[in-house]
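Peer 1: Starting from the known structure of chain A, arrange chain B on it as the hints suggest.
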Amino acid sequence: MSERGNTPRPQADMAMEITLGKLLRLGVLVAAAVVAAGGLLLIISRGNWTPDYAAFHDAISPLRSVGGILREAYALQADGIVQTGILLLIATPVLRVVFSLFGFARQRDWLYVVLTLVVLTILSVGLVGWKT
Amino acid sequence: MSYFVLSSLLFAGSLLAGLLGALTGLGGGVVIIPLITLAFGIDIRYAIGASLISVIATSSGAAAAYVREGYTNIRIGMFLEVATTFGALGGAAIAGFLSTGTIAVVFGVVLASTALQSFRTSHDVPGAAVSDRAALRLRLNGEYPLDGGRQTYNVTGVAPGFALMLIAGGLSGLLGIGSGAVKVLAMDRIMRIPFKVSTTTSNFMIGVTAAASAGIYIARGYVVPEIAMPVMLGVLAGSLAGSRVLVATRTVILRRLFAWVVIVLAAEMIFNGITGRI
Numbered sequence: 407m408s409e410r411g412n413t414p415r416p417q418a419d420m421a422m423e424i425t426l427g428k429l430l431r432l433g434v435l436v437a438a439a440v441v442a443a444g445g446l447l448l449i450i451s452r453g454n455w456t457p458d459y460a461a462f463h464d465a466i467s468p469l470r471s472v473g474g475i476l477r478e479a480y481a482l483q484a485d486g487i488v489q490t491g492i493l494l495l496i497a498t499p500v501l502r503v504v505f506s507l508f509g510f511a512r513q514r515d516w517l518y519v520v521l522t523l524v525v526l527t528i529l530s531v532g533l534v535g536w537k538t
Numbered sequence: 003m004s005y006f007v008l009s010s011l012l013f014a015g016s017l018l019a020g021l022l023g024a025l026t027g028l029g030g031g032v033v034i035i036p037l038i039t040l041a042f043g044i045d046i047r048y049a050i051g052a053s054l055i056s057v058i059a060t061s062s063g064a065a066a067a068y069v070r071e072g073y074t075n076i077r078i079g080m081f082l083e084v085a086t087t088f089g090a091l092g093g094a095a096i097a098g099f100l101s102t103g104t105i106a107v108v109f110g111v112v113l114a115s116t117a118l119q120s121f122r123t124s125h126d127v128p129g130a131a132v133s134d135r136a137a138l139r140l141r142l143n144g145e146y147p148l149d150g151g152r153q154t155y156n157v158t159g160v161a162p163g164f165a166l167m168l169i170a171g172g173l174s175g176l177l178g179i180g181s182g183a184v185k186v187l188a189m190d191r192i193m194r195i196p197f198k199v200s201t202t203t204s205n206f207m208i209g210v211t212a213a214a215s216a217g218i219y220i221a222r223g224y225v226v227p228e229i230a231m232p233v234m235l236g237v238l239a240g241s242l243a244g245s246r247v248l249v250a251t252r253t254v255i256l257r258r259l260f261a262w263v264v265i266v267l268a269a270e271m272i273f274n275g276i277t278g279r280i
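Those sequence lines, one after another, are chains A and B.
Numbering-wise (the numbering used here), the first sequence opens with residue 407 and increments by one.
Numbering-wise (the numbering used here), the second sequence opens with residue 3 and increments by one.
None of these hints come from the bench; they were simulated from the model.
Fair warning: this is a prediction, and the values are worked out from it, not measured in the lab.
Virtual Cβ for every residue (Gly too), placed ideally from N, Cα, C.
The reader is advised that the hints may include incorrect statements.
Stated by the list, open to error - Which chain B residues face chain A? A few, computed with CB under 10 Å, are given here:
(1) Ala-41
(2) Ile-44
(3) Ser-61
(4) Gly-72
(5) Arg-77
(6) Ile-208
(7) Gly-209
(8) Ala-213
(9) Ala-221
(10) Leu-238
What the hints assert, rightly or not - Here are some of the chain B residues that sit facing chain A, going by a computed Cβ distance under 10 Å:
(11) Gly-79
(12) Thr-104
(13) Thr-211
Chain A with its partners taken away, still in its complex shape (with noise of 0.2 Å):
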């Protein structure tokens, strides 16, 4: 068997790849938009205010969690809205690993299939099974 016959249908992975880049732009535009309205509304309603980040400040905070985020932002509370923003932008790298994984099962490649099933329990331990 020559080492051509190992490549993998190009066509199909290349039709995949270009959907799933266009995925990403399109996640990244929305996930951007999010975060400038929420900066907007952090500038408007904290502009005068004098932070201080010189120093790591461990308090408890609801941003720190999805749930709290989430509560935050249908508050129509400014960080609220950035860390969704923030939380849709992470969404899209890992719903591209979601659609290859439709893409690979689509082309009965079950190693990938595999394979993409273990980034996505990595992914999954890091986003949601983590407490510091």
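Peer 2: Here is chain B on its own, set in the frame of chain A:
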């Protein structure tokens, strides 16, 4: 300094950093952490949080442009992401136990080696004549467009490449950077993947790797909206603008100049880390 002034300056600085990072190929996030810590005196943990977020933004933002050119190898990317995401979790876990001074020193060393690596302009690593068995089994060999036709390539060194990717992921999780330089080194030099394929596939992996540790950073309070907002928007705008500027021969000079700036910043990070100023 009022928040209005601080966020405007952070945005402007990040814009410039993203622009230079894209023009020189050194990456947008590479000078963000020194900028935030050295110029603004902000705690390095906030800088790392903001940098990680902007790394996700630039990587995903550039993916659409890269993908269309047909160089990205999605199988190499997915296979190596197993290593980088796992390493990123480890790196983010370790970061919680290290002092900020230690993190600053590690950051300085990584930054300096990234800059030194950029002085090497030739990428003429000969392609692998035969691929190793793991590459065949994992179907990593691929092809890319070249002179109107398609050029096939073989992949080798799968095991050492995978191991180096664990380290690349670890550095990304520890320092909030893309560690694109280590990723390209592993794919370029060890796995013998053609340069264009390795750079685009590396970019494709950076966002996923960063997403693995981002949740941990948020839970620890490293990602504060007041700092992450101007930095992420600035780096994203700068790198998108930078990737649209026509690449001229002058970028070689710019690249050298920027690499020297990065080396000075790296030295300052190491010095401040050792003397306990960070």
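Peer 1: Hint by hint, note whether the structure agrees.
Peer 2: Outcome of the hint check:
1. For Ala-41 (chain B), the suggested interface contact is broken, since its CB lies about 13 Å from the closest CB of chain A, more than 10 Å.
2. This hint holds: Ile-44 (chain B) has a C-beta 4 Å from the nearest C-beta of chain A, less than the 10 Å allowed.
3. For Ser-61 (chain B), the interface hint holds, since its Cβ comes within 10 Å of a Cβ in chain A; the closest pair sits about 7 Å apart.
4. Checking Gly-72 (chain B) against chain A by beta carbon gives a least distance of about 6 Å; that is within 10 Å, so the hint holds.
5. Of the supplied interface hints, the one on Arg-77 (chain B) holds, with its beta-carbon coming within about 6 Å of a beta-carbon of chain A, less than 10 Å.
6. Annotation: Ile-208 (chain B) was flagged as interfacial toward chain A, and the flag holds, the nearest CB pair being 9 Å apart, inside 10 Å.
7. Taking 10 Å as the C-beta cut-off, the interface hint given for Gly-209 (chain B) holds, the closest approach to chain A being about 4 Å.
8. Residue-level restraint check for Ala-213 (chain B) holds (minimum Cβ-Cβ distance to chain A is 5 Å; threshold 10 Å).
9. The closest approach between the C-beta of Ala-221 (chain B) and any C-beta of chain A is roughly 5 Å, which is under the 10 Å cut-off, so the hint is satisfied.
10. Of the supplied interface hints, the one on Leu-238 (chain B) holds, with its beta-carbon coming within about 6 Å of a beta-carbon of chain A, less than 10 Å.
11. For Gly-79 (chain B), the shortest C-beta to C-beta distance to chain A is roughly 9 Å, which falls under 10 Å, so the interface hint holds.
12. With a cut of 10 Å, the hint placing Thr-104 (chain B) at the interface with chain A is violated, because the nearest CB-to-CB distance is about 15 Å.
13. The interface hint given for Thr-211 (chain B) holds, since its Cβ lies 9 Å from the closest Cβ of chain A, which is under the 10 Å cut-off.
Hints 1 and 12 from the list above are not met by this structure, while the remaining hints are.
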